[in-house]
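2 protein chains.
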Amino acid sequence: MKIAIAQLNFHIGNFEGNLSKMLAAVEEAKSQSADIVCFAELATVGYPPRDFLEFEDFIELAEATVDKLAEAAQGIAIVLGSPTKNPVLEGKDHYNAAYFLADGKIQHVQYKTLLPTYDIFDEYRYFEMATEWNVVEYKGKRIALTVCEDIWNIGNENPLYTISPMDELMPQQPDFILNVSASPFSYVQAQARHQVVLANVERYGIPLFYVNHCGAQTEIIFDGGSLVASPDGKIFDEMPYFEECVRTYDLEEVQQGGREQRQPREKMQLIHDALVTGIRDYFGKLGFGRAILGLSGGIDSALVAVLAARALGPANVRLVLMPSQFSSAHSVTDARKLAENLGCPYDIIPIEDIYNTYMQALRPHFWATEFNIAEENLQSRARGNLLMALSNKFGNILLNTSNKSEVAVGYGTLYGDMCGGLSVIGDLYKTEVFELCRYINREEEIIPDNIITKPPSAELKPDQLDTDSLPSYDDLDEILFQYIERRLSPQDIIERGYDEKLVRRILRLVNINEFKRHQMAPVLRVSEKAFGMGRRMPIVGKYLA
Amino acid sequence: MKIAIAQLNFHIGNFEGNLSKMLAAVEEAKSQSADIVCFAELATVGYPPRDFLEFEDFIELAEATVDKLAEAAQGIAIVLGSPTKNPVLEGKDHYNAAYFLADGKIQHVQYKTLLPTYDIFDEYRYFEMATEWNVVEYKGKRIALTVCEDIWNIGNENPLYTISPMDELMPQQPDFILNVSASPFSYVQAQARHQVVLANVERYGIPLFYVNHCGAQTEIIFDGGSLVASPDGKIFDEMPYFEECVRTYDLEEVQQGGREQRQPREKMQLIHDALVTGIRDYFGKLGFGRAILGLSGGIDSALVAVLAARALGPANVRLVLMPSQFSSAHSVTDARKLAENLGCPYDIIPIEDIYNTYMQALRPHFWATEFNIAEENLQSRARGNLLMALSNKFGNILLNTSNKSEVAVGYGTLYGDMCGGLSVIGDLYKTEVFELCRYINREEEIIPDNIITKPPSAELKPDQLDTDSLPSYDDLDEILFQYIERRLSPQDIIERGYDEKLVRRILRLVNINEFKRHQMAPVLRVSEKAFGMGRRMPIVGKYLA
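As they're listed, the protein sequences go chains A and B. With positions in the first sequence counted from 1, the corresponding number in our numbering is that position plus 5. With positions in the second sequence counted from 1, the corresponding number in our numbering is that position plus 5.
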């Protein structure tokens with residue numbers, strides 16, 4: 006038996022687009038002589054469809070898509086994920102289902118059992134849990150059909166869950182496991198996936214075919230990396246990261262094993278490719294082609310410019326240099342040098358006149374006050390306005406250039422440098438920004454060295470440096486990581502050797518700045534805990550604030 | 006036996022503040038000769054604590070608060086809700102629990118069973134479900150202790166759930182039901198609560214004491230309205246809306262019934278009081294006292310000004326009039342009249358020079374383009390910047406003045422009139438804005454009549470009217486309501502008599518403007534479906550877009 010994995014980039018709610026992609030992949034799988042072609046979890050609707058699932062009409066469109074695929078299941082079986090109505094009144098209205106289509110009909114539907122509700126996941130908001138498990142028989146083989154999380158409770162040892170669907174299915178003696186997944190990228194996720202897939206083949210002793218999505222849905226990036234594992238505990242194949250691929254495997258060969266094929270995996274390369282994918286799909290799926298961003302001469306906007314140029318093509322990325330009276334000379338020369346290295350169009354629009362006109366209008370009100378954050382923010386917001394005016398006039402989406410460290414402590418101006426439709430590097434700590442820039446420059450100087458080596462500064466007042474108001478980024482990022490990713494208490498972080506006053510000050514900054522993050526663009530997620538839908542914090546909360 | 010209900014306004018994560026409020030209420034209940042005093046669900050931590058619950062430290066602080074209350078439970082029993090650790094490894098880490106404290110000790114802990122995950126709720130993200138139910142015995146009475154949703158599956162007829170905790174408890178012959186709740190306000194919620202509480206006493210035939218929160222937590226407003234219901238199917242008492250209250254009831258009197266005491270309930274009064282509460286608590290809990298907002302001469306900002314003046318006192322609400330060359334003469338006179346009626350300080354800052362300076366800077370780039378949305382938005386953003394500059398200089402929080410109709414269809418400028426730390430009327434359709442203004446003016450002309458009667462206009466280009474680009478608000482709001490609150494399909498809305506093209510255009514506008522709402526301030530929730538945490542939509546989604 007030959008099994009094709011179709012690792013595709015779906016588009017949420019784009020039923021026609023998703024259907025035609027799948028139909029093309031069915032043809033491709035047939036040309037590869039496949040007996041079965043497998044698509045990912047919720048393939049009809051894309052992942053995560055979120056509250057679209059509350060519209061009955063949306064579910065009916067998904068069911069109509071499954072019906073059309075069933076018609077196409079001639080001479081080949083089709084496996085895919087789709088939401089489906091719960092046929093009984095009791096329980097939630099829908100199931101997250103895996104369909105088995107063959108001979109022009111729906112042959113089998115297996116509901117998902119384990120519904121994740123942590124981090125970015127909300128599945129129990131929408132779906133009822135399965136209470137029945139049956140293998141599918143096809144061409145003399147018995148298939149254990151499972152949906153994503155259903156293989157993540159091996160031997161019922163995952164404390165989150167109380168049922169192990171594979172343990173339920175094993176008495177029916179399946180020949181192999183098919184798993185339709187939607188497993189979002191983080192820079193440690195591929196490793197976690199390998200471990201789980203291998204733990205399954207080790208426990209159950211049968212091959213496992215694991216189908217993932219690729220491509221990005223707003224902030225959620227899917228890296229693909231679909232897996233075939235053989236009973237000898239080896240990764241028989243790992244499909245490419247971040248690209249579509251239809252590939253067919255011979256079940257007997259997989260059963261025999263003895264082969265190990267993994268993708269190369271290096272943190273900075275993964276993050277680089279993920280962010281390029283995230284930008285490309287955000288624009289592509291919204292039907293936009295051109296970006297704009299402010300280039301300050303600093304490292305954050307430099308990195309975003311490189312990533313955008315790679316995602317959209319340099320001609321489609323408009324860079325705008327907006328110096329003020331507080332900008333250093335090297336800011337403009339460094340930024341211009343980068344624009345030229347990349348081949349992006351750029352403009353220089355000084356903001357001094359605009360700033361002065363604001364100050365003129367505010368003079369009667371600011372009378373006898375000191376220069377402070379109000380004047381600093383005005384500069385940042387004047388830049389935001391200029392960028393948005395160009396964006397509105399010419400249809401370029403503004404890219405946000407804030408990094409995770411500054412977003413965490415609120416070191417950014419709401420409606421100023423926090424503007425933008427998409428936050429490209431809002432899940433990269435400043436130290437990771439440096440690391441990724443060095444990765445980009447590993448062979449040639451794309452980002453001018455001076456941008457990487459000079460001390461970071463917002464340049465909103467004379468001789469300002471980030472370290473005037475923040476600790477070193479090495480310390481800051483470590484404290485933030487322990488608090489955000491690890492969710493350690495202040496006491497636990499202090500015990501790791503950090504100054505108590507510093508730790509309490511940083512954690513307080515994180516918590517009192519939730520209101521800023523609430524109004525921020527979606528952040529491309531590359532870590533295990535990004536700001537956004539996976540981290541839900543009260544704004545008026547008093548905890549550590 | 007005498008039972009005190011303590012309906013209090015907690016503050017999320019403010020353990021000390023919440024504890025001292027509860028200790029004061031314990032004393033008050035003692036002075037009312039109560040045998041038991043009852044606080045609401047998750048009283049130690051406030052509701053909803055959201056991902057603070059993922060911090061072990063946070064849970065330990067909650068448990069320490071319960072321990073301190075247990076010490077105070079001398080001569081009186083204390084009932085309250087608090088998160089607690091799951092003592093076994095299997096299942097989620099925590100339970101949402103009701104505690105019964107007496108004689109200086111924790112006497113009983115009842116976990117919550119039914120964990121809502123719809124709309125604003127995420128309880129299954131954090132909590133494991135109860136699987137055991139036991140009455141508490143105290144002073145010869147048997148008490149059925151339940152948490153919020155646990156009484157919302159009467160006779161197991163709620164299709165969302167498969168267990169009815171009260172059905173499980175009834176064989177133990179409880180004398181009355183105690184329910185600790187966190188039931189957020191919407192303008193129909195008090196009615197829903199009455200129905201559920203009465204359905205419980207009708208089915209079980211014993212008195213029910215229902216304790217709610219009051220006060221606001223960012224966008225979620227609790228109206229209080231705690232209830233006592235007697236077995237004869239009457240509301241024995243309904244506590245006041247939107248205010249703290251400690252009140253003691255004699256169980257025997259409630260048992261006898263024959264009394265009916267409900268709060269007056271009128272949609273506009275409820276919404277008015279909810280929004281005033283929402284503003285007051287947002288400022289109070291963040292430690293701010295003063296607001297600022299732009300007063301355009303239109304009805305939305307007028308309404309927000311009135312509500313803010315009532316919440317914070319007129320002297321603490323700074324109004325800023327920012328006319329442009331496109332502003333009509335009446336805009337300034339109407340706005341000034343309102344400011345004078347309210348007694349709020351106001352400033353006039355024309356934006357023409359700022360706008361012209363921007364246009365000067367953009368001239369080389371905008372060359373040969375037509376005046377369009379870019380120039381319109383620039384005006385709105387210049388105003389946003391001025392307001393934020395004053396906010397930053399003087400520490401006033403900017404209030405957003407967008408209404409639900411315009412937020413729905415994207416008729417607003419991101420980083421312009423969409424600025425602000427809190428959206429006050431973002432859950433009121435424009436037709437409800439008119440209705441609330443007429444309610445405010447029911448006895449005297451507080452809002453100048455001309456503001457209410459003139460046709461709505463953004464005044465961003467000459468002779469502009471909202472109806473140039475939108476249908477009448479009566480039609481728009483009805484279509485939006487059917488789509489947003491009722492989640493009807495386009496076909497179902499068209500069948501209600503609306504033009505197909507119009508319906509499809511409106512629904513498309515709603516869906517393609519998700520990116521703007523994503524970056525909006527939290528919206529005070531007054532309806533059953535507000536924008537924000539209760540409505541989670543994809544941005545790159547293609548559904549109806």
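Simulated from the structure, these hints should not be mistaken for laboratory data. Be aware that a few hints might be false.
Repeated chains share a single entry, so a pair holds when one copy, or any two copies, can fit it.
Stated by the list, open to error - DMTMM-like mimics (lysine to aspartate or glutamate), calculated; alpha carbons at most 20 Å apart, straight line:
1) Lys90 <-> Asp255
2) Lys342 <-> Glu490
3) Lys398 <-> Glu381
4) Lys35 <-> Asp255
5) Lys459 <-> Glu249
6) Lys398 <-> Glu375
7) Lys342 <-> Glu265
8) Lys35 <-> Glu448
9) Lys90 <-> Asp497
10) Lys342 <-> Glu519
11) Lys97 <-> Glu490
12) Lys146 <-> Glu271
13) Lys110 <-> Glu505
14) Lys144 <-> Glu490
15) Lys272 <-> Asp108
16) Lys272 <-> Asp98
17) Lys398 <-> Glu59
18) Lys7 <-> Asp40
19) Lys110 <-> Glu95
20) Lys398 <-> Asp352
21) Lys342 <-> Glu271
22) Lys97 <-> Glu162
Note that the structure is predicted; figures quoted are calculated from it, not measured.
Against the structure, the hints:
In this homomeric assembly, Lys90 and Asp255 never come within 20 Å of each other (Cα to Cα): the closest approach is 34 Å inside a single copy and 49 Å across copies. Proximity of Lys342 to Glu490 under the C-alpha cut-off of 20 Å is found in neither arrangement, the shortest distances being 36 Å within a copy and 52 Å between copies. Taking the shortest Cα distances, Lys398 and Glu381 sit within 20 Å of each other only across copies (11 Å), while inside one copy they are farther apart (26 Å). Within a single copy, Lys35 and Asp255 get their C-alpha atoms as close as 14 Å, which meets the 20 Å cut-off; across copies the closest is 77 Å, which misses it.
When the C-alpha separation of Lys459 and Glu249 is checked against a cutoff of 20 Å, the pair qualifies neither within a copy, at 40 Å, nor between copies, at 56 Å. With identical chains, the CA atoms of Lys398 and Glu375 are at most 20 Å apart between copies only, with a shortest distance of 9 Å across copies and 36 Å within one. In this assembly of identical chains, Lys342 and Glu265 lie within 20 Å of each other by CA distance neither inside one copy nor across copies; the values are 45 Å within and 78 Å between. Taking the shortest Cα distances, Lys35 and Glu448 never come within 20 Å of each other, neither inside one copy (42 Å) nor across copies (76 Å).
Taking CA atoms no more than 20 Å apart as the test, Lys90 paired with Asp497 passes between copies only; the shortest distance there is 19 Å, against 46 Å inside one copy. For the homomeric pair Lys342 and Glu519, neither the shortest alpha-carbon distance inside one copy (36 Å) nor that between copies (37 Å) is at most 20 Å. In this assembly of identical chains, Lys97 and Glu490 lie within 20 Å of each other by CA distance solely across copies; the values are 19 Å between and 32 Å within a copy. In this assembly of identical chains, the alpha carbons of Lys146 and Glu271 never lie at most 20 Å apart, being 38 Å within a copy and 65 Å across copies at closest.
Taking identical chains as interchangeable, the C-alpha atoms of Lys110 and Glu505 are never at most 20 Å apart, the minima being 65 Å within one chain and 34 Å between chains. In this assembly of identical chains, the alpha carbons of Lys144 and Glu490 never lie at most 20 Å apart, being 47 Å within a copy and 48 Å across copies at closest. Taking the shortest alpha-carbon separations for Lys272 and Asp108, neither the intra-copy value of 44 Å nor the inter-copy value of 57 Å comes in at or below 20 Å. In this assembly of identical chains, Lys272 and Asp98 lie within 20 Å of each other by CA distance neither inside one copy nor across copies; the values are 40 Å within and 31 Å between.
Neither within a single protomer nor between protomers do Lys398 and Glu59 lie at most 20 Å apart by alpha-carbon distance, with minima of 36 Å and 44 Å respectively. For a Cα distance limit of 20 Å, the shortest separation of Lys7 from Asp40 inside one copy, 5 Å, qualifies, whereas the shortest one across copies, 73 Å, does not. For a Cα distance limit of 20 Å, the shortest separation of Lys110 from Glu95 qualifies neither inside one copy, at 27 Å, nor across copies, at 40 Å. Taking the closest pair of Cα atoms, Lys398 and Asp352 come within 20 Å of each other only inside a single copy of the chain (15 Å); across copies the shortest separation is 31 Å, beyond that limit.
With identical chains, the CA atoms of Lys342 and Glu271 are never at most 20 Å apart, being 29 Å at best within one copy and 65 Å at best between copies. Within a single copy, Lys97 and Glu162 get their C-alpha atoms only as close as 26 Å, which misses the 20 Å cut-off; across copies the closest is 13 Å, which meets it.
Hints 1, 2, 5, 7, 8, 10, 12, 13, 14, 15, 16, 17, 19 and 21 from the earlier list are contradicted by this structure; the remaining hints agree with it.
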